[in-house]
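Trainee: Here's the letter readout for the chains.
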Amino acid sequence: MPVKNLINTIHDTMWDLMANDERVVVLGEDVGQRGGVFLATKGFLDKFGEERVIDTPLAECSIVGHGIGMALGGLLPICEIQFADFIHPAFNQIVQEAARLRYRSNGDFGCPIVIRAPYGAGVHGGLYHSQSVEALFAHVPGLKIVLPSTPYDAKGLLRAALYDPDPVLYFEHKKCYRGVTGEVPDEDYEVPIGTAAVKREGDVLTVIAYGLMLHHCMDAADRLAAEESINVEVIDPRSVAPMDWECLLGSVAKTSKAMIVIEDNRTLGVGAEISARIGEELFYDLDAPVVRIGGPDIPATPYCKVLEDFFLPTPGQIYDAMLELARY
Amino acid sequence: MSRAEQTRMRHEALGLTNAQALEMHRFMLAARMLDERSWALNRQGKAPFVVSSAGHEACQVGTAYSLMRGSDYFVPYYRDLAVVMVAGLTARDVLLGVYARAEDPCNGGRQMPSHWGCHRLGIISGSSPIATQIPHAAGLAYAIKYRREAGVVMCWFGEGATSEGDWHEALNFAGIHRLPVVFVCENNKYAISVPQSKQMAVATVAERATAYGFEGHHVDGNDVLACYEAAKTAVDKARNGGGPTLIECTTYRYAPHTSDDDDRTYRTREEVKEARRHDPVHRFQAYLKQHNLIDSAELERVTEAIKADLAEAVEYVEQAPYPAVDDALRHVFYER
Ligand SMILES: Cc1ncc(C[n+]2csc(CCOP(=O)(O)OP(=O)(O)O)c2C)c(N)n1
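Just so you know, the protein sequences line up as chains A and B, in that order.
Position in the first sequence (from 1) plus 2 gives the number in our numbering.
Position in the second sequence (from 1) plus 1000 gives the number in our numbering.
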């Protein structure tokens, strides 16, 4: 099975999806001639032509708004927002239009669009090239939100997103683009949206994380197993909307301890919801308070390396927190 | 040829038969009467919320009538009662929405009245935030062009909507890709209370089209045939690959912005009275009478028929059930 990094997997998957289905178009800033600033659409223009690989004007509201119209006209648009930090002008189109079209029309209209956006810190992007925005959208019924952490999941989730009849936000962690590699089958497959993956089996405690934090948690868990013989179960929810509560809560019921690691600001983030659900449903199963690790309540990581390092949880910090929880 | 004969030629010269001209009139009158009935129901406490189209009938019917029902698309905004009636919604359909009944074809009573949408009729579902539908119209036109279909998209909005980024972004995109879309601005001079002079520093909305690389036309929005002519030309152009057009129709709304508004706080009664002197429904009736397409007796007959239809519709919707409470949980996502 070929081994690929995350961004190449996304590139190849979109390529195959477009090659096999004429309804698929991609639109966004610099997706044409340049092939995307992260090269997710490199070579697409030559292969698929400018009707299908649409270099849009610099207007995010328009990228999503026109994408919605294209979907209404029977196309399957993949809208690229160059960085998640610039998705905010499109917030209205995503939240008020894409997310609510089906509900507001009593099921008469649907909105099958995919919105891809690179997110996350650790790449010296400063305040405006580092944001995690999933919680802003996870609050909105009608949206599906996936965050693939591995190339395998990236491929399966992208196909699932494209053929999902509802709007899907597909957030890609920039630091994982080239830093994370894995095996990717050549054949087509889907990873169903709303299914979590147990990335590492264990019985002492459950750790829930996605994106860059998943990889930090895996590193910390491996070390904990090697050094302390403590087996941590690590779960990647893969989609935060819908969330695979059965998998998450089932694991915590088994291990009796839970820790959630997110890169986003802690307050009212995805971790807060997971923690609340565990508290509501598993109160009698818990052997320790739920531990929640996340960014401080500052807008995103500052540019300067020392300040950026302060923001992001490290594998070392996660290791310490796991050990403490295991011993609780 | 006498002057009268020349004038008689107007609708015929536009390719409209007598029957079509009469149908356009019927749409205008039906919309006006439904609007008046809705206000009456509002004052009786039966219709909690009404958006008026009175005054806009000519620009709505004139433009909408240029589309081909069944293959073209209507992307209206909340004031477009007459547009959606041309598209195929009946008085009963509209009143089901006013009464928020389960059978409301637009949204099953989920949205406030006048939030149109009907897949079957090619009316794209709309929301409340101003101007959000305009990029949808352009994107839809992109899909039509991409799929080599013959359809044309028409999108309506007020002059206030033209201040939103969505509007500029959509016209820009439509211009770049020469999309088969017609943008229709119903300029009634006010966005709730804000006059046009505080909305833009230019004299007309139409002139802005130049900046997006296509034609903008300004027409008398009280003249249904002038509106039809501009729209038909634009639709034919769009269908033949000629790209988008912006049409600005100057009009006026006679009623407050909605039944929740009090327009006496921002415009004088004299101004409204003066505007009513240019009533598009009366004006078209005068045209039809002048050319012997309709007489007083026939007008009376048409009016009575609409009245009877309205009475039947009101009776029907008053009996129609509300949605089941559980329906509130449905259709967040696709239901297999
Ligand atoms: C984004 C947004 N801002 C404000 C409003 C409140 N609002 C509703 S209608 C309206 C005025 C619209 O004026 P115009 O586009 O000229 O249309 P008209 O009502 O005059 O036909 C405003 C401000 C809204 N619905 N959406």
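Honestly, the hints are just simulated from the structure, not real lab data.
Cβ coordinates follow ideal geometry from the N, Cα and C atoms, glycine included.
Hints may be right or wrong, so weigh each one.
Stated by the list, open to error - Sample of chain B residues with no beta-carbon within 10 Å of chain A, all distances over it, derived:
#1 Asn1107
#2 His1136
#3 Ala1138
#4 Arg1147
#5 Asp1166
#6 Ala1170
#7 Ser1197
#8 Met1200
#9 Ala1201
#10 Asn1240
#11 Arg1277
#12 Arg1283
#13 Lys1289
#14 Asp1309
#15 Tyr1334
To be verified - In the SDA-like style, the derived pairs of lysine to any residue whose C-alpha atoms are separated by at most 25 Å in a straight line are:
#16 B/Lys1145 with A/Trp17
#17 A/Lys49 with B/Lys1189
#18 B/Lys1046 with B/Met1033
#19 B/Lys1145 with A/Asp57
#20 B/Lys1189 with B/Tyr1254
What the hints assert, rightly or not - Cβ pair distances, simulated, as ranges:
#21 B/Thr1210 with A/Pro187: 52 to 60 Å
#22 A/Asp224 with B/His1119: 49 to 57 Å
#23 B/His1119 with A/Glu189: 33 to 41 Å
#24 B/Leu1014 with A/Pro59: 35 to 43 Å
#25 A/Val200 with B/Ala1211: 29 to 37 Å
#26 B/Arg1336 with A/Trp247: 48 to 56 Å
#27 B/Gly1242 with A/Pro59: 17 to 25 Å
#28 A/Leu288 with B/Val1332: 27 to 35 Å
Trainee: Hints first: check each against the structure and report whether it holds.
Mentor: Here's how the hints hold up against the structure:
{"no.": "1", "hint": "Asn1107", "result": "violated (5 Å)"}
{"no.": "2", "hint": "His1136", "result": "violated (4 Å)"}
{"no.": "3", "hint": "Ala1138", "result": "violated (6 Å)"}
{"no.": "4", "hint": "Arg1147", "result": "violated (7 Å)"}
{"no.": "5", "hint": "Asp1166", "result": "violated (6 Å)"}
{"no.": "6", "hint": "Ala1170", "result": "violated (7 Å)"}
{"no.": "7", "hint": "Ser1197", "result": "holds (26 Å)"}
{"no.": "8", "hint": "Met1200", "result": "holds (19 Å)"}
{"no.": "9", "hint": "Ala1201", "result": "holds (22 Å)"}
{"no.": "10", "hint": "Asn1240", "result": "holds (19 Å)"}
{"no.": "11", "hint": "Arg1277", "result": "holds (39 Å)"}
{"no.": "12", "hint": "Arg1283", "result": "holds (35 Å)"}
{"no.": "13", "hint": "Lys1289", "result": "holds (41 Å)"}
{"no.": "14", "hint": "Asp1309", "result": "holds (24 Å)"}
{"no.": "15", "hint": "Tyr1334", "result": "violated (4 Å)"}
{"no.": "16", "hint": "B/Lys1145 with A/Trp17", "result": "holds (22 Å)"}
{"no.": "17", "hint": "A/Lys49 with B/Lys1189", "result": "violated (49 Å)"}
{"no.": "18", "hint": "B/Lys1046 with B/Met1033", "result": "holds (17 Å)"}
{"no.": "19", "hint": "B/Lys1145 with A/Asp57", "result": "holds (17 Å)"}
{"no.": "20", "hint": "B/Lys1189 with B/Tyr1254", "result": "holds (11 Å)"}
{"no.": "21", "hint": "B/Thr1210 with A/Pro187: 52 to 60 Å", "result": "holds (54 Å)"}
{"no.": "22", "hint": "A/Asp224 with B/His1119: 49 to 57 Å", "result": "holds (53 Å)"}
{"no.": "23", "hint": "B/His1119 with A/Glu189: 33 to 41 Å", "result": "holds (36 Å)"}
{"no.": "24", "hint": "B/Leu1014 with A/Pro59: 35 to 43 Å", "result": "holds (36 Å)"}
{"no.": "25", "hint": "A/Val200 with B/Ala1211: 29 to 37 Å", "result": "violated (56 Å)"}
{"no.": "26", "hint": "B/Arg1336 with A/Trp247: 48 to 56 Å", "result": "violated (20 Å)"}
{"no.": "27", "hint": "B/Gly1242 with A/Pro59: 17 to 25 Å", "result": "holds (21 Å)"}
{"no.": "28", "hint": "A/Leu288 with B/Val1332: 27 to 35 Å", "result": "holds (31 Å)"}
In this structure, the earlier hints numbered 1, 2, 3, 4, 5, 6, 15, 17, 25, 26 are contradicted, and the remaining ones agree with it.
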